[in-house]
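In the order they appear, the protein sequences are chains V and E.
When we follow the working numbering, the leftmost residue of the first sequence carries the number 5, and every step to the right adds one.
When we follow the working numbering, the leftmost residue of the second sequence carries the number 2, and every step to the right adds one.
The set of hints was computed from the structure by calculation and includes no laboratory data.
Wrong hints could be hidden among the right ones.
Stated by the list, open to error - Here are the simulated lysine to aspartate or glutamate pairs, EDC-like style, with alpha carbons at most 16 angstroms apart:
| # | chain 1 | residue 1 | chain 2 | residue 2 |
| --- | --- | --- | --- | --- |
| 1 | V | Lys74 | E | Asp76 |
| 2 | V | Lys164 | V | Asp117 |
| 3 | V | Lys63 | E | Glu123 |
| 4 | V | Lys104 | V | Asp56 |
| 5 | E | Lys84 | E | Asp32 |
| 6 | V | Lys63 | E | Asp76 |
| 7 | E | Lys129 | E | Asp76 |
| 8 | V | Lys199 | V | Asp167 |
| 9 | E | Lys84 | E | Glu60 |
| 10 | V | Lys63 | E | Glu72 |
Small disclaimer: the values here were computed from a predicted structure and weren't measured.
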Amino acid sequence: MVGGWIWAPNISSAMSSFVSVGPSVSLFADANRLGRPEVAPVVRSCIFRVVDVGPDAAKMEPSAGYFILKAGSMQASVSAMVGKPEDSRSEFRTVLSAIKWGELATCIYAQDDRELCDPDNRAAMVEATTKFFAFAKQAEASKSSIPAGEARTIENFSDKLLDALKNHRRYGTLVAADFSSFAAPEIMRIMREEKETRDICKR
Amino acid sequence: MNFLKRAAFVLGGIFLGINLINYFVLGNSGDYLPGGQRMGEWKEAKIREACYPALEAPERDSLLPKLTSNEHGVDWRDLNRAKEITAALNCYLVTHSNAICERNNRAYIVDYINRYFAKFDEMIDTAKRYGESEMSTVRNLWDSPRNRVINAALMQDTSNGRLIKADFGWSVPAAMKPMLDRYKGATDNCPRA
Chain V
5 MVGGWIWAPN
15 ISSAMSSFVS
25 VGPSVSLFAD
35 ANRLGRPEVA
45 PVVRSCIFRV
55 VDVGPDAAKM
65 EPSAGYFILK
75 AGSMQASVSA
85 MVGKPEDSRS
95 EFRTVLSAIK
105 WGELATCIYA
115 QDDRELCDPD
125 NRAAMVEATT
135 KFFAFAKQAE
145 ASKSSIPAGE
155 ARTIENFSDK
165 LLDALKNHRR
175 YGTLVAADFS
185 SFAAPEIMRI
195 MREEKETRDI
205 CKR
Chain E
2 MNFLKRAAFV
12 LGGIFLGINL
22 INYFVLGNSG
32 DYLPGGQRMG
42 EWKEAKIREA
52 CYPALEAPER
62 DSLLPKLTSN
72 EHGVDWRDLN
82 RAKEITAALN
92 CYLVTHSNAI
102 CERNNRAYIV
112 DYINRYFAKF
122 DEMIDTAKRY
132 GESEMSTVRN
142 LWDSPRNRVI
152 NAALMQDTSN
162 GRLIKADFGW
172 SVPAAMKPML
182 DRYKGATDNC
192 PRA
């Protein structure tokens with residue numbers, strides 16, 4: 005009881021940090037809409053452009069590459085969660101995580117629009133987009149400034165992904181329920197404001 | 002609620018909680034197999050250590066499960082687990098074919114057989130979402146030369162009475178039920194000390 009009284013403020017702020025980069029996909033989405041991102045065909049096409057494992061890429065399963073990307077960005081999330089004092093290495097990890105997820109999301113959106121009718125591909129798209137915006141926001145909120153080149157890269161990804169989100173909302177490939185309530189406000193604003201004009205997944 | 006009922010409720014809850022954690026979280030399903038003359042303590046099984054070398058580099062064994070196509074929905078963790086579990090059971094049943102005659106080893110091997118079939122069932126259930134082609138990929142994965150030798154060893158051990166239905170208790174794998182029923186009553190042909 006005494007410990008809880010003393011540590012409650014720290015625990016509360018740690019939990020709110022965790023929540024801000026929390027679950028990427030909605031726990032309430034229709035189970036048929038979102039599948040397994042790690043085995044998505046679009047991840048198979050894109051992951052080794054984002055995660056550099058050298059010559060091992062030929063022998064490695066794409067789902068293992070996806071796991072490496074998630075594990076690498078988990079370190080940046082955990083640092084934010086425990087309120088680690090910001091240092092240049094943890095800032096670098098956050099910026100790098102934002103860039104990697106942005107690259108993956110951009111690569112996924114560059115595939116044929118109908119690819120995102122597949123539940124696994126859709127789950128990968130939702131996760132990559134959510135994580136990009138979460139890490140971008142975390143990097144922006146940090147005390148030290150992001151190098152200019154990297155800031156521009158993140159801004160470019162942000163613009164491209166917001167356009168892609170608008171298009172896919174109109175195509176019916178994405179709905180608000182696909183994203184968790186912890187998704188970035190920019191994503192939820194687009195999901196709310198844009199309307200479906202046609203359903204490209206309907207055959 | 003009087004004091005005794007409350008105490009019983011709390012103790013019952015603690016007992017149930019500990020066992021649920023032991024089974025589902027720690028994965029010690031071997032603790033819930035039947036005991037008796039045939040089945041010993043799985044934690045004392047010497048076959049586990051004896052087979053550690055077989056698990057050191059499963060990627061070097063070309064007879065273990067492998068995927069034949071790049072177009073699949075199998076997660077790398079499931080693929081690795083399929084290889085490990087096959088390598089291990091091959092060692093327990095084929096490489097050391099008499100290990101099952103020792104009761105501690107038998108307890109461990111029976112538990113491992115349950116895990117082997119549970120993994121296969123889990124992967125097939127996941128594959129069902131993707132259709133017949135994916136199910137065929139998973140069946141082919143689990144039809145490697147080592148898997149076929151394991152199936153033959155299971156058939157032989159069942160026909161020789163080294164494995165009987167009672168060894169599995171309430172958790173008989175569905176794939177083993179027909180052969181256990183077929184060879185019901187077979188006498189155990191383990192060498193007598």
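Okay, the hints, checked on the actual structure:
{"no.": "1", "hint": "V/Lys74 x E/Asp76", "in the structure": "14 angstroms, holds"}
{"no.": "2", "hint": "V/Lys164 x V/Asp117", "in the structure": "15 angstroms, holds"}
{"no.": "3", "hint": "V/Lys63 x E/Glu123", "in the structure": "25 angstroms, violated"}
{"no.": "4", "hint": "V/Lys104 x V/Asp56", "in the structure": "11 angstroms, holds"}
{"no.": "5", "hint": "E/Lys84 x E/Asp32", "in the structure": "25 angstroms, violated"}
{"no.": "6", "hint": "V/Lys63 x E/Asp76", "in the structure": "14 angstroms, holds"}
{"no.": "7", "hint": "E/Lys129 x E/Asp76", "in the structure": "14 angstroms, holds"}
{"no.": "8", "hint": "V/Lys199 x V/Asp167", "in the structure": "14 angstroms, holds"}
{"no.": "9", "hint": "E/Lys84 x E/Glu60", "in the structure": "8 angstroms, holds"}
{"no.": "10", "hint": "V/Lys63 x E/Glu72", "in the structure": "15 angstroms, holds"}
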